[in-house]
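Protein chains: 4
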Amino acid sequence: MDLGLDNVRFPLLDHGYVQLVESWGSDEQIIRSARMSTAKGFLGWGPKCRACGDAFDGPERDCPDHIVGRPYVDCGRGGHMFDAPGDEKLLKFLWDNQHSTPFEFAGMTIEVKAPIMVLREWMRHRTQSFSEMSARYTPLPNENYIPSIERLMVNSKTNKQAGTIKGAEELTEEWATRFRRILEDQYVNAEDLYQHALQGGVPKELARLIVPVGRYSVMRASTDLRNWCGFIKLRSAPNAQWEIRQYSNVVASLIKEAFPRTYEVAKSSLGLE
Amino acid sequence: MDLGLDNVRFPLLDHGYVQLVESWGSDEQIIRSARMSTAKGFLGWGPKCRACGDAFDGPERDCPDHIVGRPYVDCGRGGHMFDAPGDEKLLKFLWDNQHSTPFEFAGMTIEVKAPIMVLREWMRHRTQSFSEMSARYTPLPNENYIPSIERLMVNSKTNKQAGTIKGAEELTEEWATRFRRILEDQYVNAEDLYQHALQGGVPKELARLIVPVGRYSVMRASTDLRNWCGFIKLRSAPNAQWEIRQYSNVVASLIKEAFPRTYEVAKSSLGLE
Amino acid sequence: MDLGLDNVRFPLLDHGYVQLVESWGSDEQIIRSARMSTAKGFLGWGPKCRACGDAFDGPERDCPDHIVGRPYVDCGRGGHMFDAPGDEKLLKFLWDNQHSTPFEFAGMTIEVKAPIMVLREWMRHRTQSFSEMSARYTPLPNENYIPSIERLMVNSKTNKQAGTIKGAEELTEEWATRFRRILEDQYVNAEDLYQHALQGGVPKELARLIVPVGRYSVMRASTDLRNWCGFIKLRSAPNAQWEIRQYSNVVASLIKEAFPRTYEVAKSSLGLE
Amino acid sequence: MDLGLDNVRFPLLDHGYVQLVESWGSDEQIIRSARMSTAKGFLGWGPKCRACGDAFDGPERDCPDHIVGRPYVDCGRGGHMFDAPGDEKLLKFLWDNQHSTPFEFAGMTIEVKAPIMVLREWMRHRTQSFSEMSARYTPLPNENYIPSIERLMVNSKTNKQAGTIKGAEELTEEWATRFRRILEDQYVNAEDLYQHALQGGVPKELARLIVPVGRYSVMRASTDLRNWCGFIKLRSAPNAQWEIRQYSNVVASLIKEAFPRTYEVAKSSLGLE
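Protein chains in written order, with the numbering used here: chain H, 254 to 526; chain E, 254 to 526; chain B, 254 to 526; chain L, 254 to 526.
Since the hints were made in silico from the structure, they are not lab data.
Be aware that one or more of the hints could be misleading.
Just so you know, same-sequence chains aren't split out, so a pair can sit in one copy or run between any two.
[Claimed, not checked] Cross-link-like lysine-lysine pairs, in silico, PhoX-like; alpha carbons within 25 Å at most:
id, residue 1, residue 2
1, 293, 419
2, 486, 342
3, 345, 486
4, 520, 486
5, 342, 419
6, 342, 509
7, 342, 520
8, 509, 345
I would like the entire structure built from these sequences, with the hints used as guidance.
Okay, structure coming up:
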């Protein structure tokens, strides 16, 4: 499923985005891969009608013929006895018991535009493949991250990691506004000097020394589903920096779309609702 | 591109096979990933007509209007001047200079049936994901590898690794035939005892101690194109064991089909013709 | 700390062993690596006496001078006020919050002799480096695993994975004894045929087809502490096969000796007592 | 071999360094690991005297008793016939034939202080473990990289990657001096604003947006010898950026000291003299 460049870009922060390039595998392929161990293959999703063998995805009702309290299915062809639950049960078992190998048989490549600061955190995930814009080859475009007032004011008393230095003032809205202006001025200033240096013959790879870590860069990132889930677990967590958490949440939504059943069994342990 | 179970199985040895489950990415996506560094994207394959901009894939002729000896293209719309070669040139540059990251943005999952001995060699490739049939969960089917006379007689004088022990007789065709019979008897014998033990209540995970490494097992293996090429480089090499070389050669043919341009630039350094 | 070949071999099963080759890093280096993030370095183990600065490792008592219920230390030099807890607290925090990177700055190389069946399970741990004896280069020594009666009789009713096939008899002690004899005969038989084939000029790499997965092989395995803990978590677990569990438990004891404080904070989540 | 903090720091650029924290394994352990395949162990370095068995490391002479042109050794105890070359031969064979696994049984942890720009390149080596100072937890110290005039003037005509933008002036010494002043001013400016923001209550994780990629950070990096050699191959290469090349060359010198025989067999293929 190669979606090319027509694909939707999910906008993030003031200039960033996440875009699905391609996914491979599927919930079904995860089951098929897991079933290599017993050579049984994929058996189907959902309960099956015991009479006609069809899978069921309609409303469930109590089954009067059988065990009290057990729902049944009217398949419309005379069958109304469901069988054992389908392969969602195996999927859940695999996830809950950390049999993670089958989730390596599916994956996703995405494109990401984010501040260098965010990419620096992202690239600590060493099982991902990365291909990033390089300031050695091309001057970085002049796009820089300025956090919103709201974001700056996030009460971080519960999170030491997001904290201020000792002896700092308490951040006021006035000061937050001022910081945004300072940032903007500094970005403009840095860009002027960067362009000035480039024009003056300073090699790109050295002129970039001026560039602040708030500047945007672009990359592709690719890994398997197991490792995307590992990324989300760390980066959608409450103690992750707010910025990368926004990106991680979009990655989670892409997984939800491409691998809905895996998302379902994984979400609570990944801290997603 | 999920090809399901309908996919072709390439038969190997006496009972083995390799089957493509799925590939992802493409030669074009490899270029797109590489071009992240300069933000230029995919520019197209083949030379372009300088007049009309079309890519060219017809026969080449000398260009009478321009530099002698340089081929040109009659695009049929008045153009007959080709431009610089297309992105095959970048693909070749990436490969030749070991810029291997872009080749991680494509990949392949396959299913493999091979003797345990072969899987043992295969699983040394630790960048691949594996999911294998397990004799703890299910008794291994009774299929075992018996090399052909021809294979047994391969003159291994040039390859010490494929050699015989010191003081061994020189292998005769008669002895090769005899070895095949010995193997077959031993396989039958092992299966009898295996089944006997299983029936007698010996746990599957212990009954399997009897199983010889010539028995077939099945697995799925998945990794990116960079690492499949690394596999082929080692396993299609002349000093690789003949059996795994047959498997590796089929993997190479799957790459040739799914990623024809990468195959073209990689084949000579991978020792493929 | 290179312990060479004089090192202790922990015997396992009937012919196997685990032997420490070398460890590197230390509990202290793990702290130093973690403290890179705040540039603070290693602060010391244990509470310190606030008066004389010494670290404390004696019995704790309530501190009458200070907060009720808080233990104090009589350091013998007039000091009896402990300071903040030492770096064990950070070590525990790192482990409990899955900040696993610092545990990559220590590691261990071991040598292992185990049945091929066990090595097959072991080698699924792809972050480990392996170097194993090769039957392509040298005939495998004639040592084979025969489980004890006790081991064979392990009641596996609570563990489906360790189970028998459907319709199997219940294993009796008589049958277990018989299985041991069958195994032994089959091993002798296999060795005879293996040697016969080798003498007859069959290449080593093909003669080995006869060898059963109960035969012993030898390897070295090396990885960092984080990944050794991952190995133990899976392989010392109750649903791991009994044989590899014995090996994993010895690996755990080596970790206990080389990294006692890490062992202390990790043991309960690794399922070790 | 834990060298603690007393260890030598190799100064690099204007404020950077590389420092060995610890190495493990040895040339000898590499051989021992490789010899697992044949169960032969370490046989010794250098040729041996056939008469007395001693290893030889003195001057070689032609052996008059034996084959003409073959050097011999006068061991001083009557022996003067050398035996087969020692295990350097195997070490060279392993390296030349890319049998790289044995080189995973040795490794090195180092501490590195370098501009963020350099660490960004470094961290692309995903087999290394990293632990870096974090500007989320602690304000980054005010140290920034200003390239020397000499470095700025490096004629980069032969290296497009180190090049200038199209239409740039040719860099003069005057302009290089000016760029250094611009950089310095910009660094001072950035630090003022950074401190200002921190004091005003902006969380550390956001105040850092101002910090330029020329600022120094500190990290530990750890991996095995195989992967350190892979790092050096890419980063000591002529087309690597000059700055990281200086770091890579120091890493190479650490390898030379800890693993002198490996360095010897590897250096030419790594592009080292």
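Verification of the supplied hints:
Proximity of residue 293 to residue 419 under the C-alpha cut-off of 25 Å is restricted to the inter-copy arrangement: shortest distance 16 Å between copies versus 61 Å within a copy. Taking the shortest Cα distances, residue 486 and residue 342 sit within 25 Å of each other both inside one copy (22 Å) and across copies (24 Å). Taking identical chains as interchangeable, the C-alpha atoms of residue 345 and residue 486 lie at most 25 Å apart whether they share a chain (17 Å) or sit on different chains (20 Å). Taking the shortest Cα distances, residue 520 and residue 486 sit within 25 Å of each other both inside one copy (9 Å) and across copies (23 Å).
Proximity of residue 342 and residue 419 under a CA criterion of 25 Å is satisfied inter-copy only: 22 Å between copies versus 51 Å inside one chain copy. Taking CA atoms no more than 25 Å apart as the test, residue 342 paired with residue 509 passes inside one copy only; the shortest distance there is 18 Å, against 38 Å between copies. In this assembly of identical chains, the alpha carbons of residue 342 and residue 520 lie at most 25 Å apart only when taken from the same copy (15 Å versus 31 Å across copies). With identical chains, the CA atoms of residue 509 and residue 345 are at most 25 Å apart within one copy only, with a shortest distance of 15 Å there and 34 Å across copies.
Going down the numbered hints, you'll see the structure goes against none, and every one checks out.
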